[in-house]
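These are the residues of each chain, in order.
Number of protein chains: 2
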Amino acid sequence: MKRDFLYNEIAGNIANKIKAGILKAGERLPSIRILSKEHGISMNTAKRIYLELEAQSLVQSKPQSGFFVSPLSYLKLTLPEPSAPLSVSNNTEPNDLINDVYSTMGRNDLTLFSIGVPSGSLLPLARLKKEIVLATRELKEGGTEYETLQGNVKLRRMIAARSLSWEGNLKESDIITSHGCMNALSLCLMALTKPGDTLALESPCYPGILQLAVSLGLNVVEVATHPVSGIDIHALKKLLPKINVCLLVPNFNTPLGYCMPDESKKEIVALLSMANIPLIEDDTYGDIYFGAERPKCCKSFDMDGNVLWCSSISKTLAPGYRVGWVAPGKYKDQILKLKLVHSLSATSVVHEAVANFLMTGRYDNHLRRFRKTLQENYQHYALAIAEYFPYGTKISRPQGGLALWVEFPKGIDTVELYKYALKKQISVAPGRMFTLQNQFQNCLRLCIGLQWTDDLRLKLRQLGNLAKIFLNNNFS
Amino acid sequence: MKRDFLYNEIAGNIANKIKAGILKAGERLPSIRILSKEHGISMNTAKRIYLELEAQSLVQSKPQSGFFVSPLSYLKLTLPEPSAPLSVSNNTEPNDLINDVYSTMGRNDLTLFSIGVPSGSLLPLARLKKEIVLATRELKEGGTEYETLQGNVKLRRMIAARSLSWEGNLKESDIITSHGCMNALSLCLMALTKPGDTLALESPCYPGILQLAVSLGLNVVEVATHPVSGIDIHALKKLLPKINVCLLVPNFNTPLGYCMPDESKKEIVALLSMANIPLIEDDTYGDIYFGAERPKCCKSFDMDGNVLWCSSISKTLAPGYRVGWVAPGKYKDQILKLKLVHSLSATSVVHEAVANFLMTGRYDNHLRRFRKTLQENYQHYALAIAEYFPYGTKISRPQGGLALWVEFPKGIDTVELYKYALKKQISVAPGRMFTLQNQFQNCLRLCIGLQWTDDLRLKLRQLGNLAKIFLNNNFS
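Chains as they are written, first to last, in our numbering: chain Y, 619 to 1094; chain R, 619 to 1094.
What the hints contain is simulated information worked out from the structure, not anything from laboratory work.
Check the hints yourself; a few may be wrong.
As the list makes no split between identical chains, a pair holds if one copy fits it or if it spans any two.
Within a straight-line C-alpha distance of at most 30 angstroms, the following computed BS3-like cross-link-like pairs (lysine-lysine) qualify [to be verified]: (1) Lys1037 - Lys950; (2) Lys758 - Lys748; (3) Lys1041 - Lys950; (4) Lys884 - Lys812; (5) Lys860 - Lys812; (6) Lys1042 - Lys955; (7) Lys758 - Lys1042; (8) Lys955 - Lys812; (9) Lys990 - Lys758; (10) Lys1041 - Lys1086; (11) Lys637 - Lys665; (12) Lys635 - Lys990; (13) Lys758 - Lys1037.
The following block holds chain Y by itself, in its conformation from the complex (with noise of 0.2 angstroms):
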């Protein structure tokens, strides 16, 4: 306890004098071993305290060199306002911008800060190709046979030993494989709603969640939703005696990159087991944390078996495999019979080679490299924005994940600019799409799981000319 409170205070402390401009960018910090001197603390928590930092982006560390002031932490670069939508369901789809972009999936001609998955240069392909061979000459009947309708057992196994790292303590048998974390949130929302049904999400939300949400007849109440801590817990509440379901992304949430903090976790988890509304968590972008540690998850709070934990490798490993899965507590049954009535079972050969990746301890050093390439381009992507962006842009502080949120000054409208980019070669995700009222018109997401280079510094350049353009001239 004590030990947190000083965590807290020293942590606080150094973040306070950066941002007062006492500590100025670049400047060199304290070693690990001064720090631990200075304020007796062991070397171990001197270190988490610069990692916790440096996940904030007001720290930035060299190897070989030590602990530096960040560039990011002088940024001009405010914060998006939080979500304010209408607390009422007003199913009005993007179908057609959604799409639109979603057509531009695959092209190489364009550069595609649309679409949110990582590039290829940043996963371990080679290694994975060599376990989707072995897979064929190990599996029984070389992969051609049905799996057990609950999936591959050490595929189960492997998810339920990860999950010790955040607080899950599942079990292999608690765990149902699917076919990637969209069918996943799929099985979870056709067992748990009828059409008419009210479900809450965040707000911007993944435009996947709200079409499925839509094309299963739901009714979608957005809530009010901070960029840094999350859903108002608040707004919530009030909508509880409303609503049927809860889905949530509170890890490292596409568009906005937060991290739901644990307080918040624990109490919507107390709040909707007690309204008796089940919670689907989708947790696809756990694993890629900017921080020193794996954050929890609200089903780490879970006593009842009333979250349903979902995710997958699609965002980590290989979007094409689709593997993903649900740990769906006390709706297990339902979960395994939906899926047997909807897929059968999932496609065994890439289901062994990514638990057999999963077991070499190989998926934990990709993780580790993947995470700082991540976090790095976040911080090369918000350089660039402050420099070639128009004044007044705002972006969000994403703490893990693959997404940038950019708020552009009101009168930009990005659906306009989306199209003009395309021109351009470039294809970016408005902030319309992520929404089924009318926000967010100025807003737009970037993915930052692209390889970073001088061209894509270019065309995040000429993307900003590009805005400043529309701003000038009152394009729109």
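Let chain Y serve as the given structure and place chain R on it in line with the hints.
Just chain R now, kept in the frame of chain Y:
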């Protein structure tokens, strides 16, 4: 026209002589040359006549020796009764039974007559493995990327090309790939129905379809079905005002194995189109015909895009790959959207592997051998059943597919028989699984996709003995 008449007359004549005992089991038939001379028909027509009779198991070809009257022609096994379900929806799902039977999937200690999949020993496993390895090499980023939404274009092109053989005349743009055929059926039913709608099905019907319909909140009407000609069109016609959608398996339906005649297919397509009721056609077994020619589909007669044709390679190549597709006619946009929200995309690696396999032409070679084996299996099973099963047992006359339907004399409860057989390491699929009503208590389905061995014959003998004990002791 005249040629068709002659063809039918000659074939009918021979069939009648066999059935009347004028031509006896084992007797050699005139050679193709003699038959052609005798009737003034071409050698080709003469050959088609024998192949047709072989498909009906009246004639048997022996390599290098010619055609003989089949030993099956004399079996004292009559056809099962046409089904006569109640013409109201009556959703009493035998859940526990289905779960129990499916839970034996993959168990090596059992003889799995119960599961409708081909034995691995009948599949081109080595070649499929190679295709998987090649696919990981050839695909961009090793197949870790998302596919385009509509699915692998080479696969769609091959499916389109193959549709010429049944006069489907599909284009690659008509086809959407899916995670197996069940997933295609699920997308179709989700696109076309809302809870409370009524679905017409053949009876008996594949349990997965029944479960899917119930899980979507549909009322199921089972329609009277004849074991040789399929669904009773007259009965269907009377139900039209009550139904919203119809799902049929006209080619080698599991469990009955019939091939619905072309005229019936044509009539049903016209009937449903006029009534504006969409027809979902499951053609998963269409490629495993025992006759001389690939049968047409309902889709072959579709004039206005009202037929959603679904199929897969799950019964011919690799159940565990989950490669299926749908040609949804005028419902394409809805299906595409549902695919996006429920599964995002297919598993790139396996879809690419199957596409390449189809392109080599090896698929047709495999199918030729596979069909021959299945038909031989059917004959082995039929002879064993005639020898070992209780007097009065009836069996279906599959013209293709993987299923044999057995109807015991009244008094044998196959759910009880199933439990006792399981103790002898034999798993069968009781008739009650294939209906939501109280029917088929004395029926069961046997998978004929297993490798025929002396041990398999022994298991059929054990099963027959068990049935005899049940019958004599009035066990149930």
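Status of each hint after checking the structure:
1. Lys1037 - Lys950: Answer is between; shortest inter-copy Cα gap is 26 angstroms, intra-copy 44 angstroms.
2. Lys758 - Lys748: Cα proximity of Lys758 and Lys748: in one copy and across copies (18 angstroms, 15 angstroms).
3. Lys1041 - Lys950: between (48 angstroms within a copy, 29 angstroms between copies)
4. Lys884 - Lys812: Intra 27 angstroms, inter 37 angstroms, cutoff 30 angstroms: intra-copy only.
5. Lys860 - Lys812: Both: 15 angstroms inside a copy, 23 angstroms across copies.
6. Lys1042 - Lys955: between (48 angstroms within a copy, 28 angstroms between copies)
7. Lys758 - Lys1042: between (50 angstroms within a copy, 24 angstroms between copies)
8. Lys955 - Lys812: So Lys955 and Lys812 pass the 30 angstroms test inside a copy (16 angstroms) and across (19 angstroms) alike.
9. Lys990 - Lys758: between (38 angstroms within a copy, 25 angstroms between copies)
10. Lys1041 - Lys1086: Answer is within; shortest intra-copy Cα gap is 16 angstroms, inter-copy 77 angstroms.
11. Lys637 - Lys665: For Lys637 and Lys665, only the intra-copy Cα distance (20 angstroms) is at most 30 angstroms; the inter-copy one is 90 angstroms.
12. Lys635 - Lys990: So Lys635 and Lys990 pass the 30 angstroms test inside one copy only (25 angstroms; across, 81 angstroms).
13. Lys758 - Lys1037: Answer is between: at 27 angstroms across copies they meet the 30 angstroms cutoff, but 50 angstroms inside does not.
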